[in-house]
Amino acid sequence: MHRVMVSNNYTDKYPACVDADERHDEGWVRPYFDLDTVRELAANTQAAAAEFGHDAIDTVHVIDAIDFIDGEVDEDPWSLVVVISWMDIAVKGVDGATTIVTPRYHREDGGDYDPEYQGEPLYAIGGFPWCWYAIGPDGIHPQIPFRPER
Numbered sequence: 051m052h053r054v055m056v057s058n059n060y061t062d063k064y065p066a067c068v069d070a071d072e073r074h075d076e077g078w079v080r081p082y083f084d085l086d087t088v089r090e091l092a093a094n095t096q097a098a099a100a101e102f103g104h105d106a107i108d109t110v111h112v113i114d115a116i117d118f119i120d121g122e123v124d125e126d127p128w129s130l131v132v133v134i135s136w137m138d139i140a141v142k143g144v145d146g147a148t149t150i151v152t153p154r155y156h157r158e159d160g161g162d163y164d165p166e167y168q169g170e171p172l173y174a175i176g177g178f179p180w181c182w183y184a185i186g187p188d189g190i191h192p193q194i195p196f197r198p199e200r
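The opening residue of the sequence shown carries number 51 in the working numbering; numbering runs sequentially from there.
Hints listed in this document are in silico derivations from the structure and should not be mistaken for laboratory results. This structure is a prediction, so every number in the text was calculated from the model and none was measured. Check each hint, because a few of them may be wrong.
Taking CB as the label site, the calculated pair distances span [as the list claims (entries may be wrong)]: (1) ALA70 with GLU170: 15 to 25 Å; (2) ASP138 with GLU76: 18 to 28 Å; (3) GLY146 with GLU199: 34 to 44 Å; (4) ILE116 with TYR60: 33 to 43 Å; (5) GLN96 with GLY143: 13 to 23 Å; (6) THR148 with GLY189: 29 to 39 Å; (7) THR148 with ALA93: 12 to 22 Å; (8) THR148 with GLY186: 31 to 41 Å; (9) GLN168 with HIS191: 28 to 38 Å; (10) ASP75 with GLY186: 14 to 24 Å; (11) LEU130 with ALA97: 14 to 24 Å; (12) ILE116 with PRO187: 25 to 35 Å.
Taking lysine to any residue and the SDA-like style, the derived pairs with C-alpha atoms no more than 20 Å apart in a straight line are [unchecked claim]: (13) LYS142 with ILE116; (14) LYS63 with ILE194; (15) LYS142 with HIS104; (16) LYS142 with PRO179; (17) LYS63 with ARG53; (18) LYS63 with PRO198; (19) LYS63 with ILE185; (20) LYS63 with MET137; (21) LYS63 with THR109; (22) LYS142 with TRP180; (23) LYS142 with GLN168; (24) LYS63 with GLN193; (25) LYS63 with ALA92; (26) LYS63 with GLU90; (27) LYS63 with HIS111; (28) LYS142 with TRP128; (29) LYS63 with THR95; (30) LYS63 with ARG197; (31) LYS142 with SER129; (32) LYS63 with GLY186; (33) LYS63 with PRO187; (34) LYS63 with PRO192; (35) LYS142 with GLY177; (36) LYS63 with GLY189.
Built from N, CA and C at the ideal position, the CB exists for glycine as well.
Using the sequences and the accompanying hints, generate a full structural model.
So this is what it looks like as structure tokens:
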């Protein structure tokens, strides 16, 4: 996985991890975002839907669970990430237009599986249909197709 900045609209840029082997034929990437970035995406997509209408944009939502263990608040509560494709509800129904995003765990050290530390949970939001592209080394121009620096 490579840490890069990605965008899908030439305006908003987000930090993400990208697997160089996971590319669309046209060069788009499938970014994986940490939870803080997913929260930023959620705020931005919900604001855009409020401005332009839900029939124009998918929205991202983060639902935080508060767990109690032995009467105390869990220090590491679960978060559920949901993407709603509002424009698909009429055709696919609510179930078909709603995606619960399962995190992919990533360890920077590339170490073996460790039940005590699986790694950082990363969430693939939008995937190829959102036409995400990596920002090139200059920090300005799209890098399509993505070619990681060696």
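Looking back at the numbered hints, which does the structure fail to meet, lowest number first? Of the numbered hints given earlier, those the structure breaks are 12, 13, 20, 23, 28, 31, listed in rising order.
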